[in-house]
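Visitor: If you're matching them up, the sequences are chains A and U in order. Every letter in the first sequence is one number past the one before it in the working numbering, and letter 57, counting from 1, is 57. Every letter in the second sequence is one number past the one before it in the working numbering, and letter 6, counting from 1, is 6.
A hint or two may mislead.
Okay, derived cross-link-like pairs now, DSS-like style, lysine-lysine, Cα gap no bigger than 27 Å in a straight line [to be verified]: (1) LYS124/U x LYS155/U; (2) LYS83/U x LYS125/U; (3) LYS76/U x LYS155/A; (4) LYS125/U x LYS124/A; (5) LYS182/U x LYS164/U; (6) LYS155/U x LYS76/A; (7) LYS182/U x LYS83/U; (8) LYS164/U x LYS124/U; (9) LYS125/A x LYS125/U; (10) LYS155/U x LYS83/A; (11) LYS83/A x LYS182/A; (12) LYS125/U x LYS155/A; (13) LYS155/A x LYS83/U; (14) LYS83/U x LYS124/U; (15) LYS124/A x LYS155/A; (16) LYS182/A x LYS164/A; (17) LYS155/U x LYS125/A; (18) LYS124/U x LYS124/A; (19) LYS164/U x LYS83/U; (20) LYS124/U x LYS125/A.
It is worth saying that the hints were derived from the structure and are not from the lab. Since the structure is predicted, the reported quantities are computational estimates derived from the model, not experimental observations.
There are 2 protein chains.
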Amino acid sequence: MEEKEISQAVIGRLPRYFRYLGELRDEGTERVSSQELSDIMQVTASQIRQDLNNFGGFGQQGYGYNVEFLYEEIGKILGLDRKYDLIIIGAGNLGQALANYMNFERRGFLFRGIFDNNPVLYGKKIRGIEVQSMECMEQYVLDNHIDIAVLTIPKSEAAEVAEKLIRCGIKGIWNFAHLDLKVPEGVQVENVHLSDSLMKLSYNISRFQNEK
Amino acid sequence: MEEKEISQAVIGRLPRYFRYLGELRDEGTERVSSQELSDIMQVTASQIRQDLNNFGGFGQQGYGYNVEFLYEEIGKILGLDRKYDLIIIGAGNLGQALANYMNFERRGFLFRGIFDNNPVLYGKKIRGIEVQSMECMEQYVLDNHIDIAVLTIPKSEAAEVAEKLIRCGIKGIWNFAHLDLKVPEGVQVENVHLSDSLMKLSYNISRFQNEK
Numbered sequence: 001m002e003e004k005e006i007s008q009a010v011i012g013r014l015p016r017y018f019r020y021l022g023e024l025r026d027e028g029t030e031r032v033s034s035q036e037l038s039d040i041m042q043v044t045a046s047q048i049r050q051d052l053n054n055f056g057g058f059g060q061q062g063y064g065y066n067v068e069f070l071y072e073e074i075g076k077i078l079g080l081d082r083k084y085d086l087i088i089i090g091a092g093n094l095g096q097a098l099a100n101y102m103n104f105e106r107r108g109f110l111f112r113g114i115f116d117n118n119p120v121l122y123g124k125k126i127r128g129i130e131v132q133s134m135e136c137m138e139q140y141v142l143d144n145h146i147d148i149a150v151l152t153i154p155k156s157e158a159a160e161v162a163e164k165l166i167r168c169g170i171k172g173i174w175n176f177a178h179l180d181l182k183v184p185e186g187v188q189v190e191n192v193h194l195s196d197s198l199m200k201l202s203y204n205i206s207r208f209q210n211e212k
Numbered sequence: 001m002e003e004k005e006i007s008q009a010v011i012g013r014l015p016r017y018f019r020y021l022g023e024l025r026d027e028g029t030e031r032v033s034s035q036e037l038s039d040i041m042q043v044t045a046s047q048i049r050q051d052l053n054n055f056g057g058f059g060q061q062g063y064g065y066n067v068e069f070l071y072e073e074i075g076k077i078l079g080l081d082r083k084y085d086l087i088i089i090g091a092g093n094l095g096q097a098l099a100n101y102m103n104f105e106r107r108g109f110l111f112r113g114i115f116d117n118n119p120v121l122y123g124k125k126i127r128g129i130e131v132q133s134m135e136c137m138e139q140y141v142l143d144n145h146i147d148i149a150v151l152t153i154p155k156s157e158a159a160e161v162a163e164k165l166i167r168c169g170i171k172g173i174w175n176f177a178h179l180d181l182k183v184p185e186g187v188q189v190e191n192v193h194l195s196d197s198l199m200k201l202s203y204n205i206s207r208f209q210n211e212k
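Chain A with its partners taken away, still in its complex shape:
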């Protein structure tokens, strides 16, 4: 499959397809047309056909898409047919919220450790795993072949911590610190800026009020 040519924009939409197909599957739906998918996802049917054609066209004229098959295939494309060992750096509220979010585990993201530099938290159990000192982080990553680190630490510490993790062979960083982390080629990063979506919301609220 020629995955290399798929644009990040399409990739960015795949998790949403995956979610909706997962719901259809859970409801027992066996097949779905691009028009039906369009109605529930509020995306045009032609966009859906175009996106899914990137992966070799799972649909058949007059039949639509096989839900289970398409769900599985998109899951494979998203790399969800394997397991990822994941640690969380920062055991504050956000770190704990993510650790407790069981759904990630279901998708193959296995919560293996959590680290903080606040001694008050050392030994506290989160989902059965004790918070460790950040001084133990590097050795832990090396010993346990951790794939993904989730950063829920302040912006001021993020770059240095990321550098340490990269030296220890981390493959991906899911970054919630308030900066766009820059990483060397071969390391993947997703920067999550929660406030960006809040600002989109304020834009839409104020625009709607100006229109009235």
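Using the hints, position chain U against chain A.
Guide: Just chain U now, kept in the frame of chain A:
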């Protein structure tokens, strides 16, 4: 200013401009060229010029952009020149993390209340504000003219709670529940799906490993 014609794709990029310009401003930078902005933001200079032209071209040939002015203008476009009263529904780890995130307050999002249906949490103070029963939510929204509700509650409860909030006149919903909330026209919603970005990360990790 003809804001209506700006695409959501451009709007979606504005918070990022706003963040970078804010950093430049905090560092005391007075002006910046589209090329410099391109280097730090890792977006092409032509994309930057095109995006900012939507708002009437703040740049001047040979001078670049006035950082302070552009920052302020984008802030206004994003609706950040006014205050928003905000409540959080769900006082779990994620709700508490968002309540404690001071940066939102700086941007004009004022944390006014937090609600949960777990009696153990009632009266617990978060940023000086007591957790209230969800039964008090509707009256509170009505009495205090709340603009935005943040939903950090399970998927199963989200649609019903959103409906109540909308009946009480809420203007925007920042939704972290794991579904795409559908709301009537005139109400704004931003659905945040944290797992979508985690799946993008797993895609990039697995693609990189397949390429090797």
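Visitor: Take the hints in turn and mark each one as holding or not.
Guide: These are the hints, each one checked on the structure:
Our distance criterion of 27 Å between C-alpha atoms is met by LYS124/U and LYS155/U, whose separation comes to about 24 Å. Between LYS83/U and LYS125/U the alpha-carbon distance is near 23 Å, which keeps this suggested pair within the 27 Å criterion. For the given pair, LYS76/U sits about 25 Å from LYS155/A by alpha-carbon distance, which is consistent with the 27 Å threshold. Restraint check for LYS125/U and LYS124/A: the C-alpha separation of about 22 Å stays at or below 27 Å, so the hint holds.
With a C-alpha separation of about 13 Å, the suggested pair LYS182/U and LYS164/U falls inside the 27 Å cut-off, and the hint holds. With a C-alpha separation of about 25 Å, the suggested pairing of LYS155/U with LYS76/A holds against the 27 Å cut-off. Proximity of LYS182/U to LYS83/U is assessed by CA-CA distance (about 25 Å); at most 27 Å being required, the pair is judged to hold. For the hint linking LYS164/U to LYS124/U, the alpha-carbon distance of about 24 Å falls within 27 Å, and the restraint holds.
At most 27 Å may separate the alpha-carbon atoms for a hinted pair to count; LYS125/A and LYS125/U meet this at roughly 23 Å. A threshold of 27 Å between alpha carbons decides the hint, and for LYS155/U with LYS83/A the separation of about 25 Å falls inside it, so the pair holds. At most 27 Å may separate the alpha-carbon atoms for a hinted pair to count; LYS83/A and LYS182/A meet this at roughly 25 Å. Under the criterion of a C-alpha separation no larger than 27 Å, the hint pairing LYS125/U with LYS155/A is consistent with the structure, at around 26 Å.
Between LYS155/A and LYS83/U the CA atoms are separated by roughly 25 Å; this keeps the pair inside 27 Å, and the hint holds. The straight-line distance between the Cα atoms of LYS83/U and LYS124/U is roughly 26 Å, inside the 27 Å bound, and the hint therefore holds. This hinted pair checks out: LYS124/A and LYS155/A have alpha carbons roughly 24 Å apart, not beyond 27 Å. Restraint check for LYS182/A and LYS164/A: satisfied, since their Cα atoms lie roughly 13 Å apart, inside the 27 Å limit.
For a cut-off of 27 Å, the pair hint linking LYS155/U to LYS125/A stands: about 26 Å separates their Cα positions. Of the supplied pair hints, the one linking LYS124/U and LYS124/A holds, its CA atoms being roughly 21 Å apart against a limit of 27 Å. Taken as a hint, the LYS164/U and LYS83/U pair is honoured in the structure, with Cα atoms around 23 Å apart against an allowance of 27 Å. Distance check on the hinted pair: LYS124/U and LYS125/A sit about 22 Å apart at the alpha-carbon level, within 27 Å; holds.
In this structure, every one of the numbered hints holds.
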